[in-house]
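Protein chains in written order, with full-length UniProt numbering: chain A, 1 to 365; chain B, 1 to 365; chain C, 1 to 365; chain D, 1 to 365.
Don't take every hint at face value.
No distinction is drawn between identical chains; accordingly, a pair holds when it is met within one copy or between any pair of copies.
[Unchecked claim] Distance condition first, Cα-Cα at most 30 angstroms in a straight line; then the derived DSS-like pairs of lysine-lysine:
no. : residue 1 : residue 2
1   : Lys41     : Lys166
2   : Lys166    : Lys98
3   : Lys115    : Lys41
4   : Lys41     : Lys314
5   : Lys183    : Lys314
In short, the hints are calculated from the structure, not lab data.
So the chains spell out like this:
4 protein chains.
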Amino acid sequence: MSGVYGRKIKMTIFGESHGASIGLVIDGLPPGLGIDIDFIKREMERRAPGRNLLSTQRQEKDAFLIQSGVFEGRTTGTPLCALIPNSDSHSKDYSILKDNMRPGHADYSGKIKYKGFNDYRGGGHFSGRLTAPLVFMGAVAKQALARYGIVIGAHINNVGEIFDRKFDPLGEETELLMSLRQKEFAVLDDVRGAEMQALILEARERQDSIGGSIECMALNLPAGLGEPFFDSLESRLAHVLFSIPAVKGLEFGMGFGFCRSTGSQANDPLYYDGDSVRTETNNNGGILGGITNGMPVVFKVGFKPTPSISLPQKTINVSEHTNTVLEIKGRHDPCIVQRAVPVVEGVTAWTVLDMLLTADIDGEV
Amino acid sequence: MSGVYGRKIKMTIFGESHGASIGLVIDGLPPGLGIDIDFIKREMERRAPGRNLLSTQRQEKDAFLIQSGVFEGRTTGTPLCALIPNSDSHSKDYSILKDNMRPGHADYSGKIKYKGFNDYRGGGHFSGRLTAPLVFMGAVAKQALARYGIVIGAHINNVGEIFDRKFDPLGEETELLMSLRQKEFAVLDDVRGAEMQALILEARERQDSIGGSIECMALNLPAGLGEPFFDSLESRLAHVLFSIPAVKGLEFGMGFGFCRSTGSQANDPLYYDGDSVRTETNNNGGILGGITNGMPVVFKVGFKPTPSISLPQKTINVSEHTNTVLEIKGRHDPCIVQRAVPVVEGVTAWTVLDMLLTADIDGEV
Amino acid sequence: MSGVYGRKIKMTIFGESHGASIGLVIDGLPPGLGIDIDFIKREMERRAPGRNLLSTQRQEKDAFLIQSGVFEGRTTGTPLCALIPNSDSHSKDYSILKDNMRPGHADYSGKIKYKGFNDYRGGGHFSGRLTAPLVFMGAVAKQALARYGIVIGAHINNVGEIFDRKFDPLGEETELLMSLRQKEFAVLDDVRGAEMQALILEARERQDSIGGSIECMALNLPAGLGEPFFDSLESRLAHVLFSIPAVKGLEFGMGFGFCRSTGSQANDPLYYDGDSVRTETNNNGGILGGITNGMPVVFKVGFKPTPSISLPQKTINVSEHTNTVLEIKGRHDPCIVQRAVPVVEGVTAWTVLDMLLTADIDGEV
Amino acid sequence: MSGVYGRKIKMTIFGESHGASIGLVIDGLPPGLGIDIDFIKREMERRAPGRNLLSTQRQEKDAFLIQSGVFEGRTTGTPLCALIPNSDSHSKDYSILKDNMRPGHADYSGKIKYKGFNDYRGGGHFSGRLTAPLVFMGAVAKQALARYGIVIGAHINNVGEIFDRKFDPLGEETELLMSLRQKEFAVLDDVRGAEMQALILEARERQDSIGGSIECMALNLPAGLGEPFFDSLESRLAHVLFSIPAVKGLEFGMGFGFCRSTGSQANDPLYYDGDSVRTETNNNGGILGGITNGMPVVFKVGFKPTPSISLPQKTINVSEHTNTVLEIKGRHDPCIVQRAVPVVEGVTAWTVLDMLLTADIDGEV
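The following block holds chain A by itself, in its conformation from the complex (with noise of 0.2 angstroms):
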């Protein structure tokens, strides 16, 4: 049962690497939404693979086919289903993947799970192409959320030793968030961002990879957007951001930070600007109690290295029973951080819209 989520926006996930297709099933969308096609396409190709020398030299393609739940142009309100179609497979590659278990991957996990019946190859449903829906749902909800005025941005933390300065946590400007989008490389600081990409190309050379972390902003939610315990806008945020692949790590505000501070320090002094109520500092991150205040949400995501890498590595042979050594040729990204980028915002802006899309009704007698 891990193929759906949602409260009010339901997502369906589905597909293998080397399937007829993945996709997914978006479930609870309100209607007459304009799906503007164009925009998703941006999207899933800031995801892609094969678009310059970072990445694998794969030729996936994303091209996706709306099935259901848009008509005119615009959403029906009934659930919507997108396929993605799977081309360029190569099983050829994966063979050797049956029996011989990748470290730091889920062949050894899965095997036991799905009892041997899963599909291998290319990682099958564990495959991180399986991200593509995951933006594919947040180019919608991001169309949905801009009638809000809402605006999700990321930009990639650090690759290695390299860090990128960070969003300004009282706000940044939705221009710069939007910019983001535009750059191959989402990055604050493009000198910073020249030296991660040396160190992406030098762990390539090593036939290695490396991780990273990635930093993310949603701009203008409402105060009030969460619940105290079990669906706190934490741990909403919290369970689809874990569900990427390779994520490891998360904090919010502050983050970690805060182990090692006092009250006097973490807490965030309120004002009154005007009207709206504001924080001198923004140390929790735009939440408390698991409920927005109105400040901006930030958070940072941390990547592990992508496991697939060429050296050789010791495993096991799970139909053997021994120990062996393992080679894994083909063409491996030596760094997911800057592809993850639309993947962190995607599954934010989908959380963000199912939390806001529930009502209350007036509170008045």
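Mind docking chains B, C and D on chain A? Use the hints.
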């Protein structure tokens, strides 16, 4: 819709700190599980304040009264309700909080969300007291997990700049984890523990508070637990861990350390240890592709400093629509991390039990 | 996993008839709803036995104690827990039922499901007493619905061979529906009502019981409520109505009468009544494609005779593994239909409120 | 939020009759289940029109294309998506329906709910064609249930005034249930079947339609399946059965017959048949307290006449805001009951499988 969570084992939480009582309902427990009341009491006491100078001097009683779901000492399999009556409330301490919004708390967020109708006394439904039901849930779950040989244990990872040593990610003895439950201040290195406690007392002197983090380990989980995508073990654990008040960061295994690492450093090589499959390192914290691989599950949870401090703080008065200064009199915990240890263990135990109880039918035809 | 249900308004039910108390938790109520305690009491009294000779002579008290979620007379928006303590239990009446399975009851089914660990006293969690929380839920929901001008009312459709007249499917005055709540025996035609009561007393004389049905109407629902497929209004109402003990049949509008009808007879022609859209007939009971069309929602619920009768019955003793004969001493309702009226209304009100509170964002771009 | 339902086995349905395709995603299937494509095809054909004069002369193709979740002929355990492409659409038949609301259909309800943005062609998402995915789901579920020896079968109970004989509630041979699947017109008594078919053809002559009902039996369910209250087997079955278009009534066992019965007549006496527990009668249809007792589960589902008739009907034009008269040209089923038999079996099989796969851990300590 925040008070209910879970798949097979659903927990419903209710209560305001100054209402009649707080409590929970647990739905989906298997029938016939022996309920050890004394064990539950001891777990509740680990959370309760007033045990020593480090915590608040309030005398909260976490005495609980089971209303249903237990018959002749065993679960019936029907919903189990436990009440925790409120007693030592001191309402007069909180009257000022109707309109003055405490920084770092949910006061303002909650007022917007609940349109001013929430019970603001003592934090109401946002009060840290609401972690008592989480510990009760965890105590019941731990009893169920013991039948599988699964043990959950945690220790304080840091308070301020003082760090305990870490768990060995390749595994610890269950006796070590159990022994932590006996300690008032759950650390592996008591020298460090004394230094932490000095820091906490010093913060109290300054009328301030201090943050910290907790490291948690789950031993003997079978491989194959969890799902890709939306019910990955990381997602499920993250969902409940971020439900705990004051949690602002979470990392699994190497966590954010991965972001500055390479694949060759980070991947965990597999090998056969007799018939068992183990990994030489456990940077992935026992979870790959969202599914356990049989190695210990290890993660760290970051807590912000208690927002309640006696120092004067700038804030707003929402009734008069002015900026103001607030001094919160009363008895405040200078650090909540030591009390949060059984809470982190508890929600982890609940989640692990919940995921364990989802069946798969036999794979053969 | 049976004690929790709902989408926006989740209800958790708990309790055994001979445990400490039974009760419920309601999660998702909007904040600021005035809670009229007296109204809830009156609704609970409609369900309670001992009011007259038609019902059991047990003196159940349905006094309730609100634990959370209400502050200064209004909902806070946080989970609302209400306890209904058990009192008049007479445990000695039920000791024989540990091993002798009463025909028509859940004794045997429940023993298998709960592996013998269920509380068998007085039916335990299966006791009809557990309908009291459903009435409480309904009373709160009715108060919320009143703000929309929505009224739910029901009457006894038949007891044995005696039938009341039906509601006019094109609509009744809200005053008529409200007036039924004042009656001890909720019928439209008091002559028929007297005949029904005679039948019931006669059944009591014979130490037997008798079945019946209830007709329910929901007035002033807006059009557009419900979903095609899995959350059709019929599906949602059916789900909760069949949760009521002893319910064995449900039909909407013309119901099974449709099965012997033609399209030309059954279809409801539409017309404009000023600006309103109405239908000339209402065979469809106000629901088409799972969605309301603005006409009154009308349905009938069929109840089997109370299984508890004093006549000797053949059954089994599961401890001795023998066939046996059982005579259930004690005080039994000869008919439960008159007590079930507020229960049917209550779960209907809850469902309607739940579906009403799901938001759609504005359809325009 | 209507397109997703289920607990362990979640089904997501999507599609408009005139969109690119309709289909479903099944999440939660156990891995390793052999998928018999031919069996699925045969089940789909039982539903498809154009097989004989009794049904519409449209040539719908229910050819399906599996996109994911099946590898080397077995389920992988990951989400299974099947597409059913639309082809024979004849859009020009439906253009009049944008503004003229067909009586008895969801046209008006749907237009209000979806604010005019729904795809109205051919009924869009409300089209009876959307029962094809339900049959596909049922075909897969039946294959899984076969491993437990559980068989689901149904026959036409009545069309108009002509009634088939009933199933023996104490049980039928599985061969009898299986044999019904081979028949084009699934009845037990072929003489009655011929009379029904004459009635249907006569209705077609009159440009009218006629209603009917279906009786369904599930054999060999273990005792103990289901829950008290909100997930009773009746509630779960009712939820999915009322999701089927045109269903307006449902009764379990004696159903509405109970309402005119007494306890001494209705209760089912239990007895030991060797080691098995059986009941002498089965008025309760195998379900007590919402839980199976091991006897056959039996129920009847009532269908209204197909709303689409060629006779002139009074209705409204929502664009011009006038009353009007509508004649629906085109090819209409005079009766849908015979096509609904595999749909009723299908959703029943899905529900039974779903409830079977919820685990309970061992009851002993």
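Status of each hint after checking the structure:
For the identical chains of this complex, Lys41 and Lys166 are intra-copy neighbours only, at 28 angstroms inside a copy versus 46 angstroms across copies, given an alpha-carbon limit of 30 angstroms. For the homomeric pair Lys166 and Lys98, neither the shortest alpha-carbon distance inside one copy (43 angstroms) nor that between copies (36 angstroms) is at most 30 angstroms. In this assembly of identical chains, Lys115 and Lys41 lie within 30 angstroms of each other by CA distance solely across copies; the values are 27 angstroms between and 37 angstroms within a copy. Taking identical chains as interchangeable, the C-alpha atoms of Lys41 and Lys314 are never at most 30 angstroms apart, the minima being 40 angstroms within one chain and 46 angstroms between chains.
Taking the shortest alpha-carbon separations for Lys183 and Lys314, neither the intra-copy value of 38 angstroms nor the inter-copy value of 40 angstroms comes in at or below 30 angstroms.
The structure does not agree with the numbered hints 2, 4, 5 stated previously, though it agrees with the rest.
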